[in-house]
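Peer 1: Using the sequences provided together with the hints, build the complete structure.
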Amino acid sequence: MSVRPPQILHKPKNDEDPLSQALQNEILNEKAATLFRLQKRLETALRKLDAARADAESTEETISPHLAEACEALWYVSIQREMCGLRNSRAYYDELCVPPDVRLHMGPNIRKGS
Numbered sequence: 001m002s003v004r005p006p007q008i009l010h011k012p013k014n015d016e017d018p019l020s021q022a023l024q025n026e027i028l029n030e031k032a033a034t035l036f037r038l039q040k041r042l043e044t045a046l047r048k049l050d051a052a053r054a055d056a057e058s059t060e061e062t063i064s065p066h067l068a069e070a071c072e073a074l075w076y077v078s079i080q081r082e083m084c085g086l087r088n089s090r091a092y093y094d095e096l097c098v099p100p101d102v103r104l105h106m107g108p109n110i111r112k113g114s
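Its first residue numbered 1, the sequence shown is counted upward by one per residue in my numbering.
Honestly, the hints are just simulated from the structure, not real lab data.
Any given hint might turn out to be false.
To be verified - Beta-carbon label-pair distances, calculated as ranges:
(1) Glu61 / Ala33: 32 to 38 Å
(2) Leu96 / Ile27: 21 to 27 Å
(3) Glu60 / Asp94: 24 to 30 Å
(4) Ser89 / Glu57: 32 to 38 Å
(5) Lys40 / Ala91: 18 to 24 Å
(6) Ala51 / Tyr92: 34 to 40 Å
(7) Arg90 / Thr44: 18 to 24 Å
Where is the CB? At the ideal position from N, CA and C, for every residue including glycine.
Peer 2: Here it is as structure tokens:
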């Protein structure tokens with residue numbers, strides 16, 4: 001004997017009401033716009049980090065804030081990419097030339113207040 005799940009769980013997408021479709025479209029647009037803004041922030045942070053590392057007078061103390069900013073920006077982009085359903089991040093990181101240490105230390109910047 002087979003058990004069939006309720007039909008309401010398998011409702012075709014084209015049967016959704018127009019308000020639900022409009023809401024889903026708005027949510028998708030907002031996710032994409034947020035991902036775009038976060039990616040621009042990541043690109044800026046990576047440029048600042050590269051500039052700090054290229055400076056001959058830079059020390060670990062001057063590079064550290066830029067590294068933390070890039071790590072945090074990468075963290076936010078990774079979360080937003082997953083929310084958009086984009087799971088393969090390695091190729092994306094390679095495309096943006098994200099340094100290995102930024103990938104390794106990716107996460108929120110806990111030293112912001114100090």
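Peer 1: The structure should be examined with respect to each hint, and the outcome stated for every one.
Peer 2: Outcome of the hint check:
no., hint, verdict
1, Glu61 / Ala33: 32 to 38 Å, "holds, 36 Å"
2, Leu96 / Ile27: 21 to 27 Å, "holds, 25 Å"
3, Glu60 / Asp94: 24 to 30 Å, "holds, 26 Å"
4, Ser89 / Glu57: 32 to 38 Å, "holds, 34 Å"
5, Lys40 / Ala91: 18 to 24 Å, "holds, 19 Å"
6, Ala51 / Tyr92: 34 to 40 Å, "violated, 22 Å"
7, Arg90 / Thr44: 18 to 24 Å, "holds, 22 Å"
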